[in-house]
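Since the structure of chain A is provided, determine the placement of chain B on it from the hints.
Protein chains: 2
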Amino acid sequence: MVDTNDKIMLAHGGGGQLSSDLIKKYVLPNLGNDTLNQLGDSAVLELDSGSICFTTDGYVVKPLFFNGGDIGKLAVCGTMNDLAVAGARPVALSLSLIIETGLELAILEKILKSIGETAKQNNIDIVTGDTKTVEAGSADKIFITTAGVGERVGGVELGLNKIASGDKIIVSGTLGDHGMTIISKRKGISFESELKSDCASLWPLIEQLLVGGGVRFMRDATRGGVAATLNEIASSTGMDIEICEDKLPINPAVQVAADMLGFDVLNIANEGKFIAVVSHGCAERCLEICKNHPLGQEAAIIGEVGEVSKSALVELVTKIGGRRVVQLPYGRELPRIC
Amino acid sequence: MVDTNDKIMLAHGGGGQLSSDLIKKYVLPNLGNDTLNQLGDSAVLELDSGSICFTTDGYVVKPLFFNGGDIGKLAVCGTMNDLAVAGARPVALSLSLIIETGLELAILEKILKSIGETAKQNNIDIVTGDTKTVEAGSADKIFITTAGVGERVGGVELGLNKIASGDKIIVSGTLGDHGMTIISKRKGISFESELKSDCASLWPLIEQLLVGGGVRFMRDATRGGVAATLNEIASSTGMDIEICEDKLPINPAVQVAADMLGFDVLNIANEGKFIAVVSHGCAERCLEICKNHPLGQEAAIIGEVGEVSKSALVELVTKIGGRRVVQLPYGRELPRIC
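Going down the list, the protein sequences come from chains A and B.
Read left to right, the first sequence gives residues 118 to 455 (our numbering).
Read left to right, the second sequence gives residues 118 to 455 (our numbering).
Be a bit skeptical, because a hint or two may be false.
Remember, identical chains collapse to one label, so a pair may be satisfied in a single copy or spanning two.
[As the list claims (entries may be wrong)] With a cut-off of at most 30 Å between alpha-carbon atoms, the simulated DSS-like pairs for lysine-lysine come out as follows:
1) K364 / K408
2) K179 / K227
3) K258 / K302
4) K427 / K142
5) K427 / K364
6) K141 / K227
7) K141 / K279
8) K142 / K124
9) K141 / K427
10) K279 / K142
11) K124 / K258
12) K141 / K436
13) K227 / K258
14) K141 / K179
15) K302 / K427
16) K142 / K237
Everything labelled a hint here was simulated from the structure, so no lab data went into it.
Since we're looking at a predicted model, the values are computed, not measured.
If we strip away everything but chain A, and leave its shape as in the complex, we get (with noise of 0.2 Å):
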């Protein structure tokens, strides 16, 4: 039989008895706030314009915890990102469990406390949120889905559209730090220690750079990488871009994993990193911003955007002066990443 006391049961997302419990015990000492206890259907909120940015993202990533982060840290931050690039003051998150049965209520507990001081830190309340199990063998572990809203900061207007040719490419620091992590972790390669997940809201830093000016369009380079974003930009816009080897800031530690595993390391997803588009006269200035912040002090100044052309190409000018198409990675790489 199983004990009920510390494994998630099948009844725990049943909407009765033992799912109040669960929200009593679990939910509510790690996350509770005004408007998560009231335990609506809904969350009201009062904010200061109708203007706002509503995003989501669902977790899986595998294994649920390593150096840096787990999967509750990756769910706040990662949907705050998403807001915040967007040009929005994250405000208020949901929360959506899908839990296993049999998963330990300690690890749980564990994901819970994280979260909740992971959203505390970063000013912003979990306000409503759902439950739900399945049976052993119908999911791993558990997956989490968050969702946010937030309120769009006046004046800022960010979009593909806003891109013009002599744009400038920033990337706010070091590129493949969570990606190369859960990798390395997952194939139990020794030099894990190593690295770290650069999990981070990156609110605190967009917040400064929006007040200052410049910035045409921003995207957090999680799945599919830097490589990603970057064809994105092409794709939409119609003009190539260029960047240099030279210029990507690198942690040692991953270009060794990265090498030894054969990734390429702009294919890497990340998790505390955005790539800004700038206008050539504010570049300067916006870099200097991310340097002076915590958040931000690799940042660099990374490439710029071409001219239209037919091909839109992404192209590396690589360390000893060659060229090569950056292209859009095929997804098989990194399953789980995030």
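Just chain B now, with coordinates in the frame of chain A:
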């Protein structure tokens, strides 16, 4: 080798070329609209006011397709209903998919089509989303999480704290249809064809009720059924609740199925029914509004809120005049009902 043309592969969730193909070939043709088509990190919404409701629900229903609906329809209607019962006009939904490798793309397409059609019928857009894939055996075909944003209806204040002794309790129609449909289908019971889920968006009816006035509190009676909602009202308000068995609207086929399988219809999930607590003086008018609407033709006043009491019990007056306590279900009975 897996045929890339008809099944979900891990790479469909990798953020690269195949993810992009999936979105362009399957998601946008079924769900596309001006906002979603931008494929931004966040959707930008311009609402009339900053007074909003925000909610989320995960959907893990098994089987994926059933008489009266499917997981996609459920994911749209369920989250819209959570906004509606909070007194908010549903405005926009997010959609997060977690898909098991090997799922036939034809099934995914059928679900996306259902989501698109349901959204269109109910005048709501899916404005942002995410797709993740996990290995075969790490999920059960597909799990969906939707979140929703709604604009609060001006002048309407609903809440458990508005409920007063003497208030009447209305249910908007027959009870248990959704849950018994799912259970019977899972158990392969022969009368399943007579059962049909009530899965529906309740906003059109709720909007009329809110305009009419007199509503104190609403909830859609999903997991845990009417019993869970009424117990929540009793425990939150500290008031007794009395309902009458002979007033409960129940389809005969649902009652037969419940009796055969040993379920109490009061514990069974509904997906297109609300409970409304309305002021004594407005009860008959509210009931009439319901009965005149296609979504509420079988609505009934099933009981009333009693005095504050130490026990704060929900009691059922049976058809033969006895009384029994209606308890919060334990939760074990009905996994993966929604």
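Between the shortest in-copy and the shortest cross-copy C-alpha distance, which are at most 30 Å for K179 and K227: within, between, both, or neither? Intra 16 Å, inter 29 Å, cutoff 30 Å: intra and inter.
What label fits K364 with K408 when the C-alpha limit is 30 Å: within, between, both, or neither? within (15 Å within a copy, 69 Å between copies)
As a check of your reading, is K141 near K427 (CA-CA no more than 30 Å) within one copy, between copies, both or neither? between (59 Å within a copy, 21 Å between copies)
Evaluate K227 and K258 at a C-alpha cut-off of 30 Å and name the case that applies: within, between, both or neither. both (13 Å within a copy, 28 Å between copies)
How would you classify K302 and K427 at a CA-CA limit of 30 Å: within, between, both, or neither? So K302 and K427 fail the 30 Å test inside a copy (42 Å) and across (55 Å) alike.
For K427 vs K364, is the C-alpha pair at or below 30 Å within one copy, between two copies, both, or neither? Close inside one copy (26 Å), not across copies (70 Å); limit 30 Å.
When no copy is named, should K142 and K124 be tagged within, between, both, or neither for a Cα gap of at most 30 Å? within (13 Å within a copy, 41 Å between copies)
Status of K142 relative to K427 across identical chains (alpha carbons, at most 30 Å): between (59 Å within a copy, 23 Å between copies)
Quick one: K124 to K258, C-alpha cut-off 30 Å, is that within a copy, between copies, both, or neither? Classified as both: same-chain Cα gap 11 Å, cross-chain 24 Å, threshold 30 Å.
Pop the pair K279 and K142 into one bin, within, between, both or neither, using alpha-carbon distances up to 30 Å. between (48 Å within a copy, 27 Å between copies)
From the Cα coordinates, with 30 Å as the cut-off, is the pair K141 and K227 best called within, between, both, or neither? Result: close within a single copy only, 16 Å intra versus 38 Å inter.
Homo-oligomer pair classification [K436, K141; C-alpha up to 30 Å]: Classified as neither; 57 Å inside a copy, 36 Å across copies.
Checked against the numbered hints listed earlier, the structure breaks hints 12, 15; every other hint is satisfied.
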